[in-house]
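Student: Here's the letter readout for the chains.
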Amino acid sequence: DAGITQSPRHKVTETGTPVTLRCHQTENHRYMYWYRQDPGHGLRLIHYSYGVKDTDKGEVSDGYSVSRSKTEDFLLTLESATSSQTSVYFCATAQAAWGFAGELFFGEGSRLTVL
Amino acid sequence: TQLLEQSPQFLSIQEGENLTVYCNSSSVFSSLQWYRQEPGEGPVLLVTVVTGGEVKKLKRLTFQFGDARKDSSLHITAAQPGDTGLYLCAGGETSGSRLTFGEGTQLTVNP
Numbered sequence: 001d002a003g004i005t006q007s008p009r010h011k012v013t014e015t016g017t018p019v020t021l022r023c024h025q026t027e028n029h030r031y032m033y034w035y036r037q038d039p040g041h042g043l044r045l046i047h048y049s050y051g052v053k054d055t056d057k058g059e060v061s062d063g064y065s066v067s068r069s070k071t072e073d074f075l076l077t078l079e080s081a082t083s084s085q086t087s088v089y090f091c092a093t094a095q096a097a098w099g100f101a102g103e104l105f106f107g108e109g110s111r112l113t114v115l
Numbered sequence: 001t002q003l004l005e006q007s008p009q010f011l012s013i014q015e016g017e018n019l020t021v022y023c024n025s026s027s028v029f030s031s032l033q034w035y036r037q038e039p040g041e042g043p044v045l046l047v048t049v050v051t052g053g054e055v056k057k058l059k060r061l062t063f064q065f066g067d068a069r070k071d072s073s074l075h076i077t078a079a080q081p082g083d084t085g086l087y088l089c090a091g092g093e094t095s096g097s098r099l100t101f102g103e104g105t106q107l108t109v110n111p
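Protein sequences appear in the order of chains C and H.
Just so we're aligned, residue 1 is where the first sequence starts under this note's numbering, counting upward by one.
Just so we're aligned, residue 1 is where the second sequence starts under this note's numbering, counting upward by one.
Next up, chain C with everything else stripped away, as it sits in the complex:
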């Protein structure tokens, strides 16, 4: 267990409102990721970070932004939530990059419903 906590765990919001999900880790892992999980799609990468203030886009980044001001915190922001962003969001961390077959440690997920 890499000590990853996500907040909030559940959130219901309305279309057009901003939403921020927080991921906090206590293992000092360099790499952090945000995924969304939807039926039939598995896990899809939204954004990832390879260091403080170093972030990059994943395959489904439109409508999302991230920030990492400290090693332990990685924030995912939906500037203006839409119903298509209803999903379960997972944060993950890793000591090593994927190229080194690093293990991903996942949080318990944040269920977001956009009405």
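Hints are computed from structural coordinates only; laboratory data are not their basis.
It cannot be assumed that every hint is accurate.
[Unchecked claim] With the Cβ distance kept under 10 Å, some of the chain C side facing chain H (calculated, not the full set):
id, residue
1, G3
2, S7
3, P39
4, G40
5, E72
6, F106
7, G109
8, T113
Where is the CB? At the ideal position from N, CA and C, for every residue including glycine.
Using the hints provided, position chain H relative to the given structure of chain C.
Tutor: Same frame as chain C, now just chain H:
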């Protein structure tokens, strides 16, 4: 983005039966991982394979990486209700910059 296809998507079997889950792609991966996810939790790593043809065993679970590093399989012998869960394969792209997940296989083992 490299794609991974898992089959079957759903599998319901009786306790004691054997099963195989497949993970296929037309692309080459530098490594292949298998995760298991239970309801309300995040995925947990079961195994990583990195060499073409590699076989790893974890108790009743056997994992194989294809010779060409484009596919993988997970075989469970004498399945138990505790094996119930969502099994996800994930491939590390050769560029080292992304990890691609398959859609997952939902396994239910009935007592």
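Student: Now tell me, hint by hint, if it's right for this structure.
Tutor: Here's how the hints hold up against the structure:
Interface hint at G3 (chain C): violated, since its Cβ lies 13 Å from the closest Cβ of chain H, which is beyond the 10 Å cut-off. Here the hint on S7 (chain C) is broken, as its CB sits about 14 Å from the closest CB of chain H, past 10 Å. Using the Cβ-Cβ criterion of 10 Å, the hint placing P39 (chain C) at the interface with chain H is satisfied: the shortest such distance is roughly 9 Å. For G40 (chain C), the shortest C-beta to C-beta distance to chain H is roughly 6 Å, which falls under 10 Å, so the interface hint holds.
For E72 (chain C), the suggested interface contact is broken, since its CB lies about 17 Å from the closest CB of chain H, more than 10 Å. For the restraint placing F106 (chain C) at the interface with chain H, the shortest Cβ-Cβ distance is roughly 3 Å, inside the 10 Å limit, so the hint holds. Proximity of G109 (chain C) to chain H holds as hinted, the smallest CB-CB distance being about 6 Å (cut-off 10 Å). With 10 Å as the threshold, the beta carbon of T113 (chain C) stays out of range of chain H, its nearest partner Cβ sitting at about 16 Å, so the hint is violated.
Against the hints set out earlier in the document, violations occur for numbers 1, 2, 5, 8.
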